[in-house]
Amino acid sequence: AFYDEFSSGRVVSRITSDTEEFGQVANLLTDVVNQSAVALILMVYLFTIEWRLTLALLSITPVVAIAALSFRNLARTVTRQSSRALGEVNKAIQEAVTGISVAKNYRQEPAIYAEFSQVNNQTYEINIRRSLVIAMIFPTLAVLGGFVSAGLLYFGGRAAIGGVITISAWYLFMATVDRFWFPVISVSSFWSQFQA
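Convert by adding 1 to the 1-based position in the sequence shown; the result is the number in our numbering.
Keep in mind that a hint or two might mislead.
Listed next, the in silico DMTMM-like pairs over lysine to aspartate or glutamate satisfying Cα-Cα at most 20 Å (straight line) [unchecked claim]:
hint	residue 1	residue 2
1	Lys92	Asp179
2	Lys92	Glu126
3	Lys92	Glu116
4	Lys92	Glu110
5	Lys92	Glu21
Pair by pair, the computed Cβ-Cβ distance ranges are [what the hints assert, rightly or not]:
hint	residue 1	residue 2	range
6	Ala66	Tyr114	45 to 55 Å
7	Val144	Phe48	58 to 68 Å
8	Tyr172	Asn122	46 to 56 Å
9	Thr78	Glu21	15 to 25 Å
10	Ile42	Thr167	40 to 50 Å
11	Glu110	Arg85	20 to 30 Å
12	Ile42	Ala115	51 to 61 Å
13	Gln109	Asn28	22 to 32 Å
14	Ser169	Tyr125	52 to 62 Å
15	Leu154	Arg130	31 to 41 Å
16	Ala115	Val64	22 to 32 Å
17	Phe148	Asn28	47 to 57 Å
18	Phe48	Ile94	36 to 46 Å
Hints listed in this document are in silico derivations from the structure and should not be mistaken for laboratory results.
By construction, the Cβ of each residue, glycine as well, lies at the ideal position given by its N, Cα and C atoms.
With the hints as extra help, turn the sequences into a complete structure.
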């Protein structure tokens, strides 16, 4: 009854892809814990350098997180499509292999090949879309972080020229902000990758 509704090719595909994705999630989780600790340590350090610029940085950081979360639904959609398409490929392979003797007797190899090619091409296109979505997360967040850094550079520079903060504190702050963005962007992009 179960295998009447679900082909063994789809079941095997689901088990294989879910196992691989579980391993990826375990790796991502250890990375996010590490990157969160680094971001927290750098945030404390930034407060010791210049608290006003750090508050400005903290007020803008949620924009990066919101951008990362906006990728989440898109990543989830294309990943589900990819899993379904891979299941269809495995189903087509399983059906072709189990019915190869019948297909050869009735000379149906070209029809089976055409059906498989169609399913395979569809899977290829879906996986290209999924790869593009996942690949665009980090660069988009890096660009947003660059705009925030540029704003901090400008306003921090004006504060240094005005004597509100020292030039050395401003320079040290900007160097630390540069180190701060990588873990923040990594943690933010984690949620979209995790949803995928």
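Verification of the supplied hints:
For a cut-off of 20 Å, the pair hint linking Lys92 to Asp179 is broken: about 48 Å separates their Cα positions. Simply put, Lys92 and Glu126 have alpha-carbon atoms about 18 Å apart, close enough for the 20 Å limit, and the pair holds. Restraint check for Lys92 and Glu116: satisfied, since their Cα atoms lie roughly 11 Å apart, inside the 20 Å limit. For the proposed pair Lys92 and Glu110, the alpha carbon gap of about 16 Å is at most 20 Å, so the pair holds.
A hinted pair counts as satisfied when its Cα atoms are at most 20 Å apart, and Lys92 with Glu21 qualifies at roughly 19 Å. Here the CB-CB span from Ala66 to Tyr114 is close to 48 Å, well matched to the stated 45 to 55 Å. A hinted range of 58 to 68 Å is violated for the C-beta pair Val144 and Phe48, which are about 26 Å apart. Tyr172 and Asn122 have their C-beta atoms about 54 Å apart, which keeps the hinted 46 to 56 Å range intact.
Thr78 and Glu21 have their C-beta atoms about 19 Å apart, which keeps the hinted 15 to 25 Å range intact. Here the CB-CB span from Ile42 to Thr167 is close to 23 Å, at odds with the stated 40 to 50 Å. Hint check: Glu110 to Arg85, Cβ distance near 26 Å, so the stated range 20 to 30 Å holds. Take Ile42 and Ala115: their Cβ atoms lie about 58 Å apart, and the range 51 to 61 Å holds.
The given range of 22 to 32 Å is broken by Gln109 and Asn28, whose C-beta atoms sit roughly 44 Å from each other. Restraint check, Ser169 to Tyr125: a C-beta distance of roughly 55 Å satisfies the suggested window 52 to 62 Å. For the hinted restraint 31 to 41 Å between Leu154 and Arg130, the CB-CB distance of approximately 36 Å keeps it satisfied. With their beta carbons about 49 Å apart, Ala115 and Val64 fall outside the hinted range of 22 to 32 Å.
The hint said 47 to 57 Å for the Cβ distance between Phe148 and Asn28, and at roughly 30 Å that hint is violated. Here the CB-CB span from Phe48 to Ile94 is close to 57 Å, at odds with the stated 36 to 46 Å.
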